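A.B. asks: Each chain, letter by letter, is given below.
There are 2 protein chains.
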Amino acid sequence: MPNVFYSYKVDSREAFFDSHEIQHFKVLRLKEGDRIQFTDGKGNLFKGKIKKISSDTAVVTIEEIQKKVRGWKEKIILCISSSKWQRERLLIEKAVELGVDEIVEFKSENSVIKDRKTEKLELLIRNSLKQSANLFKPTLRYFDEFQSFIQWIKAQNETNFILFDFSGKNIRDIVISKDNIGIIIGPEGGFSRNEIDIFDSLGVSKVKLGDRILRFETAALAGIIIISYFKNRL
Amino acid sequence: MPNVFYSYKVDSREAFFDSHEIQHFKVLRLKEGDRIQFTDGKGNLFKGKIKKISSDTAVVTIEEIQKKVRGWKEKIILCISSSKWQRERLLIEKAVELGVDEIVEFKSENSVIKDRKTEKLELLIRNSLKQSANLFKPTLRYFDEFQSFIQWIKAQNETNFILFDFSGKNIRDIVISKDNIGIIIGPEGGFSRNEIDIFDSLGVSKVKLGDRILRFETAALAGIIIISYFKNRL
Numbered sequence: 060m061p062n063v064f065y066s067y068k069v070d071s072r073e074a075f076f077d078s079h080e081i082q083h084f085k086v087l088r089l090k091e092g093d094r095i096q097f098t099d100g101k102g103n104l105f106k107g108k109i110k111k112i113s114s115d116t117a118v119v120t121i122e123e124i125q126k127k128v129r130g131w132k133e134k135i136i137l138c139i140s141s142s143k144w145q146r147e148r149l150l151i152e153k154a155v156e157l158g159v160d161e162i163v164e165f166k167s168e169n170s171v172i173k174d175r176k177t178e179k180l181e182l183l184i185r186n187s188l189k190q191s192a193n194l195f196k197p198t199l200r201y202f203d204e205f206q207s208f209i210q211w212i213k214a215q216n217e218t219n220f221i222l223f224d225f226s227g228k229n230i231r232d233i234v235i236s237k238d239n240i241g242i243i244i245g246p247e248g249g250f251s252r253n254e255i256d257i258f259d260s261l262g263v264s265k266v267k268l269g270d271r272i273l274r275f276e277t278a279a280l281a282g283i284i285i286i287s288y289f290k291n292r293l
Numbered sequence: 060m061p062n063v064f065y066s067y068k069v070d071s072r073e074a075f076f077d078s079h080e081i082q083h084f085k086v087l088r089l090k091e092g093d094r095i096q097f098t099d100g101k102g103n104l105f106k107g108k109i110k111k112i113s114s115d116t117a118v119v120t121i122e123e124i125q126k127k128v129r130g131w132k133e134k135i136i137l138c139i140s141s142s143k144w145q146r147e148r149l150l151i152e153k154a155v156e157l158g159v160d161e162i163v164e165f166k167s168e169n170s171v172i173k174d175r176k177t178e179k180l181e182l183l184i185r186n187s188l189k190q191s192a193n194l195f196k197p198t199l200r201y202f203d204e205f206q207s208f209i210q211w212i213k214a215q216n217e218t219n220f221i222l223f224d225f226s227g228k229n230i231r232d233i234v235i236s237k238d239n240i241g242i243i244i245g246p247e248g249g250f251s252r253n254e255i256d257i258f259d260s261l262g263v264s265k266v267k268l269g270d271r272i273l274r275f276e277t278a279a280l281a282g283i284i285i286i287s288y289f290k291n292r293l
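Those sequence lines, one after another, are chains A and B. The opening residue of the first sequence carries number 60 in my numbering; numbering runs sequentially from there. The opening residue of the second sequence carries number 60 in my numbering; numbering runs sequentially from there.
Source of the hints: derived by calculation from the structure; they are not laboratory data. Please note that a few of the clues may not be correct.
[What the hints assert, rightly or not] No farther apart than 25 Å at their CA atoms in a straight line, the calculated lysine-lysine pairs in the BS3-like style are these: (1) B:290 to A:228; (2) B:267 to A:132; (3) A:265 to B:290; (4) B:267 to B:166; (5) B:228 to A:127; (6) B:267 to A:126; (7) B:132 to B:265; (8) A:267 to B:126.
[Claimed, not checked] Over 10 Å on every C-beta distance to chain A, these chain B residues come out as not near it, computed from the model: (9) 114; (10) 238; (11) 254.
This one's a predicted model, so the numbers in the text were calculated from it and none came from an experiment. All C-beta atoms in this analysis are idealised placements derived from N, C-alpha and C, irrespective of residue type, glycine included.
For reference, chain A alone in the conformation it holds in the complex:
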């Protein structure tokens, strides 16, 4: 069950809910006149009364707004190469719980899946947001070509990108920077030699996490958690 609902559109007096939210309304047997808590994913927590509810939409009258200020400036950006859905889903769910600011998915040579539906990713992000009462919905970007992802990286001047590799340095050396941190995670089969060379040429830092073999989602979570901790976000 969600701890807060998600409204896709909020104006000065009312908030609007889509069919996916209505399904959750129904499970909880909510009806007109009932009060709910919800967020717009932009740092606001609202309380309101259901004014109108139909099979695929609802309108809620806003009664109270609490504005939360993000406690940090630098972003944590998770860049995932498309992988098996079961493990990727787990990673995204946890990343949202832990409060990452952006999620970027891209295809690489060893990605086992075809095109990922961004609607599926959006819904996953939204559900985790509601569950964890995270008021800041991460931005989602999807690149269906590796080259487009690389072009995007090149344009991110204020982000320090890292990837995990046994030959890398301690994550502590990265965390002290005042830049955003972008964690790049390969697919199950890892990146190809060619892709690693491209990352090298872009100055992506290699970071070591112990000497055991961590699954891609475990390494990613460890990275997010350690960085969050040092940035006083955990």
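Since the structure of chain A is provided, determine the placement of chain B on it from the hints.
C.D. replies: Chain B in isolation, oriented as in the chain A frame:
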């Protein structure tokens, strides 16, 4: 596919494998004369040649032994209250990947499941060990009564137990201790008031992890990862 196999019994010249391992042998179409890598879960990595293989057992002649020394003295002990298998399984799998030293499962008031089969837990631990090429198999303990778990805690004089609570202090204050660290994780529904009082009376420390709602397995993983990092295990 496993990165190493697991032998339940190793003598000076040969190693023995049970039916579960034979299943993995078969998937990989291994036959007599083939060479494999395996561990005894006690820090040893072996190489050997399959001498004999039947439907439910195999014997391997040892050709090489590499002994790994544990890089730390203090243990990380994960104490989980029985929860939904799907999430608990995920947590145990990751805990083994990350190298926790002991796993303790116990029942508490809000545990949704009946008795947990320890064989199921053992197999999960073993599979994660093989996958992550972790050479140190965590000890497993199971308490089907909360009181037995409490008695066990009382006997652990060299362990600093913690649980996660919004009212708690920064995890950094705990990590600096030279004791073992025991992380106590409640079930989905949390601990009861009475259980919390018992933990308080035992001096279990409350630790805060950010201000978002983390699922029990996410909080546990964050705890394991941060502690491992500070103890130079990651």
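A.B. asks: Against this structure, judge whether each hint is valid.
C.D. replies: Status of each hint after checking the structure:
Only pairs whose Cα atoms come within 25 Å are accepted, and residue 290 (chain B) paired with residue 228 (chain A) is accepted, the gap being roughly 16 Å. At most 25 Å may separate the alpha-carbon atoms for a hinted pair to count; residue 267 (chain B) and residue 132 (chain A) meet this at roughly 21 Å. For the hint pairing residue 265 (chain A) with residue 290 (chain B), the CA-to-CA distance comes to about 21 Å; that is within 25 Å, so the pair holds. At most 25 Å may separate the alpha-carbon atoms for a hinted pair to count; residue 267 (chain B) and residue 166 (chain B) meet this at roughly 23 Å.
Restraint check for residue 228 (chain B) and residue 127 (chain A): satisfied, since their Cα atoms lie roughly 22 Å apart, inside the 25 Å limit. Between residue 267 (chain B) and residue 126 (chain A) the CA atoms are separated by roughly 22 Å; this keeps the pair inside 25 Å, and the hint holds. As the CA atoms of residue 132 (chain B) and residue 265 (chain B) are separated by approximately 24 Å, the hinted pair is consistent with the 25 Å bound. The hinted pair formed by residue 267 (chain A) and residue 126 (chain B) meets the criterion: a straight-line CA distance of about 22 Å does not exceed 25 Å.
Listed as outside the interface, residue 114 (chain B) is consistent with that label: its C-beta sits roughly 30 Å from the nearest C-beta of chain A, beyond the 10 Å cut-off. With a closest Cβ-Cβ approach of about 20 Å to chain A, residue 238 (chain B) is found to remain outside the 10 Å limit, as its non-interface label requires. Listed as a non-interface residue, residue 254 (chain B) keeps its Cβ farther than 10 Å from every Cβ of chain A; the least gap is roughly 22 Å.
When the structure is compared with the earlier hints, no violation turns up for any of them.
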